[in-house]
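Protein chains in written order, with the working numbering: chain A, 1 to 126; chain B, 1001 to 1386.
Treat the hints with care, since some could be wrong.
[As the list claims (entries may be wrong)] Computed list of lysine to any residue pairs in SDA-like fashion (alpha-carbon distance at most 20 angstroms, straight line): (1) A:Lys114 <-> A:Leu79; (2) A:Lys75 <-> A:Ala93; (3) A:Lys7 <-> B:Gln1315; (4) A:Lys44 <-> A:Lys114; (5) A:Lys7 <-> B:Asp1313; (6) A:Lys114 <-> B:Pro1382; (7) A:Lys114 <-> B:Leu1383; (8) A:Lys7 <-> A:Asn87; (9) B:Lys1290 <-> B:His1126; (10) A:Lys44 <-> B:Pro1382; (11) B:Lys1255 <-> B:Val1017; (12) A:Lys7 <-> B:Glu1314.
[Said to hold, decoys possible] Derived CB-CB ranges, DEER-like: (13) B:Gln1220 <-> A:Asn32: 46 to 54 angstroms; (14) A:Asn32 <-> B:Gly1227: 49 to 57 angstroms; (15) B:Gly1062 <-> A:Thr29: 57 to 65 angstroms; (16) B:Tyr1283 <-> A:Asn32: 16 to 24 angstroms; (17) A:Val100 <-> B:Gln1220: 41 to 49 angstroms; (18) A:Gly76 <-> B:Arg1376: 23 to 31 angstroms; (19) B:Tyr1283 <-> A:Thr29: 25 to 33 angstroms; (20) B:Arg1376 <-> A:Arg49: 27 to 35 angstroms; (21) B:Tyr1283 <-> A:Arg120: 38 to 46 angstroms; (22) B:Lys1290 <-> A:Thr29: 38 to 46 angstroms; (23) B:Thr1266 <-> A:Asp52: 47 to 55 angstroms; (24) A:Thr29 <-> B:Asp1023: 57 to 65 angstroms; (25) A:Thr29 <-> B:Ile1279: 25 to 33 angstroms.
To be clear, the hints were calculated from the coordinates, so they are not data collected in a lab. Just so it is clear, CB atoms sit at the ideal spot from N, CA and C, and this is done for glycine as well.
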Amino acid sequence: MSMYSEKVMEHFRNPRNMGELEHPDGVGTVGNPVCGDVMTIHIKVEGDRLADIKFKTFGCAAAIATSSMITELAKGMTLDEAMQVNNEDVADALEGLPQVKMHCSNLAAEGLHKAIQDYREKQGKD
Amino acid sequence: MINMKHIYLDHAATTPVDPDVLDAMLPYFTERYGNASSLHSQGTAAKEALDESREQVASLIGADPDEVIFTGSGTESDNLAVKGVAMRHGSGHIITSQIEHPAVLQPCEYLENKGFDVTYLPVDKHGLVDPSDVHNAIRDDTRLVSIMHANNEIGTVEPVREIARVAHEHEVPVHTDAVQTVGKIPVDIQELGVDMLSLSAHKIYGPKGVGALYIRDGTQLEPLLHGGGHEHGLRSSTENIPGVVGLGTACQLAKERLDGEQKRLTGLRDRLIDTVLEIEEAYLNGHPEKRLPNNAHFRFTAIEGESLLLSLDEQGIAASTGSACSSKKLQASHVLLAIGLDAVEAHGSLRLTLGKDTTEEDVDIVLRVLPGIIERLREMSPLWSR
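Let's have the full structure, built from the sequences with the hints guiding it.
Here it is in structure tokens:
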């Protein structure tokens, strides 16, 4: 089972910020159960910053690790900064992903962006 | 984790070589290394080992030794059976099922590209082929029916005897891929009535890289390999004597152990199945009774198989899944789709296949560990809302 980096396995074993927020300010869901990966990202915004992020993921170890990693990367960022984080950044932070997983399981940044867009739409800021 | 017990429950993928098999093989690498075609005493010793191994394989399946040829693998045996018969005719029609191993499906697709017609019969929700579907599919130019004896993923045992009877009413020869059944349930070619049967050494505690094909006397087929005319001209290559001795010895051991192991594994399997099915939204794939004694195949709602596999591996348990995420092509198992599961259901599948070293304690450990893993993955899953 050595197709994954130790970093991926570490996040798969001990995912950060797993769960849901009771009153999220924004919610983003990406993926498709047919492909085998669905992620839901909940965010809490204070001022212009991501005060809290939670995720839930159905999918392979790569999908779970990328979700966990995005919450760690983006927590505390301003919304504009968080919108700049992309899937490549997440894969890099995980010391790489198997090529075959780059497309299907590396959706966490999109999930976060959708959650931020959801928040902005609710705020009427878009 | 250093002292963690390793529990190997992937015997449908491959098995360890039995120490007795290895002992039987070893002299044929360094001492009795002769070529079975040579006339000197070294060659004669190799020829004797070849003959004895052929008798051991034939004895396990109730065949005449002259009707058994050695190949390089189960895949090669399947290729030889399917393409060998097809090439003899040059054109025509082949009947197989949607749940065959790729070693049969891919040769069939290859032959389609060469102008053959192929009927891929559907299966019911348990994975069974209906013999009347075979009857209805037969045409005047049908050259071969190839239906596996038992499915390698879900463990369903097919009604090969009835299928052979139907095909023979129309004088169509029948091949069966028995890689998963030989050594696990009684396999007798007279009772099954098939004309060709594939088997493999590494699924029954023999070495990788050697298989056999039973070919009933009178069955017409072309070789895939041309050369020195070994194996009745059907498989030229200097015989892999150590491998063949390994296969022969594995067959002999399998024959001695068959009755006891079949009962013992069925007991372990049923306890595994009964207890796992107590987990919420856990389902059995494959037939509840007509299944391999060592196969338990499940699916669990709202979790994905690769995560499940990795989690089990972390606990020292080796298993397998039909999830797309774990396949090279990222496609769900064709077997699970054929029994009517959708892609989402197929994701949450888990195959546990037991073997000769599997103990009651191993099953206990799996039953203790598995519910917690499923609960953890479901807690993480947005598709699970309870």
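Of the numbered hints stated previously, which ones are contradicted by the structure, given in increasing order?
-> none
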